[in-house]
Amino acid sequence: MAILSPSEPMTSGDRRARAATLRALLVLGLVLVMLAGLGWGAAGQTDVIGALLARFGLAQASLAEMTIVWDIRMPRVLTGALVGAALAVSGAVMQGLFRNPLADPGLVGVSAGSGLGAVAAIVLGGLLPAPLLAMTEGALVPLAAFLGGWAATLVLYMIATRGGRTSVATMLLAGIALAALTGALTGLILYRATDNQLRDLTFWSMGSVAGATWAKLLVAGPLIAAGLLAAPFLARALDALSLGEAVALHMGVDIQKMKRIAILSVAASVGASVAITGGIGFVGIVVPHLLRLVQGPEHRGLLPNAALLGAILLLLADMLSRTLVAPAELPIGIVTATLGGPFFLWILMRNRALLEG
Amino acid sequence: MLSAKSLNLRYGQRRVLHDVDFTARPGEVTAIVGPNGSGKTSLLSALSGARAYDGEIRLNGLDLRDLAPARQAQLRAVLPQSAEVAFPFTLLELVRLGLSAGLARAHPGDPTTLVRAAIARVGLAGHEGRMVQQLSGGERQRAQLARVLVQIWEPVLEGAPRWLLLDEPVSALDIGHQLSIMQLAHDYARAGGGVVAVMHDLNLTSMYADRVVLLQAGRLRAAGRPEEVLTDHDLSACYGCALRTNTAPPGARPWLLPQSAAT
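Going down the list, the sequences are from chains A and B. The first sequence runs 1 to 357 under our numbering. The second sequence runs 358 to 620 under our numbering.
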């Protein structure tokens, strides 16, 4: 596949055609993986196409098949795809914002901030006045996760960026401190949790799309979608920003406005993702990195392809998590961390100069 | 016209520009010279809208503070002293970034043609596919210049001059490229655009500048035609070393010879 080879000689210097070809392949891949995700499970082979068409009266399917495909697997597959897309796009946006290929929502404390928000909402939500609770019912956890992620991103950016330059070392260290602090606060809140809440939170913190339901998806989906839809508007500014803040300004980018949108979009999509699936690491760092190797760093092509590849990878990881220890399920966060951790170390070895610079 | 009146600039408590008046005209190359730390780059960054300042800056008669970043980018482009590129762009992709700024959409024809023309103009044709990180310092400087050129390719657009602001455009270049880049700036000005360049090399300044602004410790020391500003007295006092200016033949632009500190 010459088109995917990064070492292919490039006399034209233009990789947009590659990005377009890759996008077509990824769309195809996503459709296949989603169909596989709908058909693959403990109940054995299911006639996915039949069940899908039956919904619109175009085919016949049994009630059991309809239930499995539409009520159990469909929300799970859609959640997996949305969360994978959200994590990958957020990773790409944060890397562009921090001008560094090592930034990732999971790594620098954004997910931890979202987690704190979510845990606080789960455990302490009952303390809210009843009318307020009734109003925010169901939306409370995603909203709290969004606020937590937003606050964490904002603090991180303010600490790590001085005079338009973001120090990688500061960013990573501040991320560690932030994660530790939010972890401690989360621990404090857990003291108030009941046994049931504790059990839920433990599994949630390892990351899983198993708990996905239509109800959760309806609340978190729009937040994730809002974050994803904002991303394309950042493409031009993120490209300009890769030359530095001063240059981006000279190229006509309204830096402050762009940063606000970027931070909000990351917080919305990561926060809502963490709220339904817990912490799933490394998607945000692996996906954009792989894509940049093939199609170059232009965000106009990178962001949509990151969404597609992120969705595909998360769905594949979910299938692994469902089958590796079947009939039990492995939390998906364990799968992504097992695969993503070594990959991250590999990137680190290749980019040592970035950290030392 | 690009002008500043009573310009004051501070970095924290430190005042780096004191009541500087400045004028650059379209059709001319205006050079800003002065020793290290005299405020050359600070003056250029204020003119480029990147720094908060006291006083007044007008770009084509418009108050700079009233112009949104996007509007400024249509009227002027800025070549920084150095710019790190955070991600692995090819030369072509880097230069193409200039298209999204400015008013490249107003340019007739295929934008890729414009990008390739700019690359050729800085002498990098044939290198389009190379990674920016793998270019030499001088090549990278010229690549950035090509990106800047793409942003404001037409020196005059809809009757208004556009401005090239260059911060030490030739400091990383060999003498052949120094001359060709200065010639490029000169041609841009002669075509109706305006050029403001921070310069270290006083001989190149003398050869190519129509107007020279000499700064000393954040203040305007002298401004005028090269032969008015580049004088033994002003330069020696400013740079703190002995310099001898020569004009040969008489009436030609001056050239400078530094005098050994020992003599």
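Since the hints were made in silico from the structure, they are not lab data. Certain hints may be false.
Label pairs and their calculated CB-CB ranges [unchecked claim]: (1) A20(A) to E441(B): 25 to 31 Å; (2) H375(B) to M158(A): 44 to 50 Å; (3) A20(A) to G516(B): 35 to 41 Å; (4) G341(A) to G369(B): 40 to 46 Å.
Facing chain B, according to a computed beta carbon distance under 7 Å, are these residues of chain A, among others [stated by the list, open to error]: (5) G13; (6) D14; (7) R55; (8) L58; (9) L102; (10) T213; (11) K216; (12) L218; (13) P232; (14) M251; (15) G296; (16) P297.
All C-beta atoms in this analysis are idealised placements derived from N, C-alpha and C, irrespective of residue type, glycine included.
These are the hints, each one checked on the structure:
1. Checked against the given bound of 25 to 31 Å, the beta carbons of A20(A) and E441(B), roughly 29 Å apart, stay inside it.
2. Between H375(B) and M158(A) the CB atoms are about 32 Å apart, so this pair departs from the stated range of 44 to 50 Å.
3. For A20(A) and G516(B), the Cβ-Cβ distance of about 39 Å falls inside the hinted range of 35 to 41 Å, so the restraint holds.
4. Restraint check, G341(A) to G369(B): a C-beta distance of roughly 43 Å satisfies the suggested window 40 to 46 Å.
5. For the restraint placing G13(A) at the interface with chain B, the shortest Cβ-Cβ distance is roughly 3 Å, inside the 7 Å limit, so the hint holds.
6. Restraint check, D14(A) versus chain B: the minimum CB separation of about 6 Å is within 7 Å; hint holds.
7. Taken as an interface hint, R55(A) does not check out: its beta carbon lies about 43 Å from the nearest beta carbon of chain B, beyond 7 Å.
8. The interface hint given for L58(A) is violated, since its Cβ lies 45 Å from the closest Cβ of chain B, which is over the 7 Å cut-off.
9. Interface hint at L102(A): violated, since its Cβ lies 11 Å from the closest Cβ of chain B, which is beyond the 7 Å cut-off.
10. The interface hint given for T213(A) is violated, since its Cβ lies 39 Å from the closest Cβ of chain B, which is over the 7 Å cut-off.
11. This hint is violated: K216(A) has a C-beta 35 Å from the nearest C-beta of chain B, more than the 7 Å allowed.
12. Checking L218(A) against chain B by beta carbon gives a least distance of about 37 Å; that is not within 7 Å, so the hint is violated.
13. Violation of the interface hint for P232(A) is found here, the shortest Cβ-Cβ separation to chain B being roughly 13 Å, above the 7 Å cut-off.
14. Contact between M251(A) and chain B, as hinted, is supported at the beta carbon level, the nearest pair being about 4 Å apart and thus within 7 Å.
15. For G296(A), the suggested interface contact is upheld, since its CB lies about 6 Å from the closest CB of chain B, less than 7 Å.
16. The interface hint given for P297(A) is met, as the beta carbon of that residue sits about 3 Å from the closest beta carbon of chain B, less than 7 Å.
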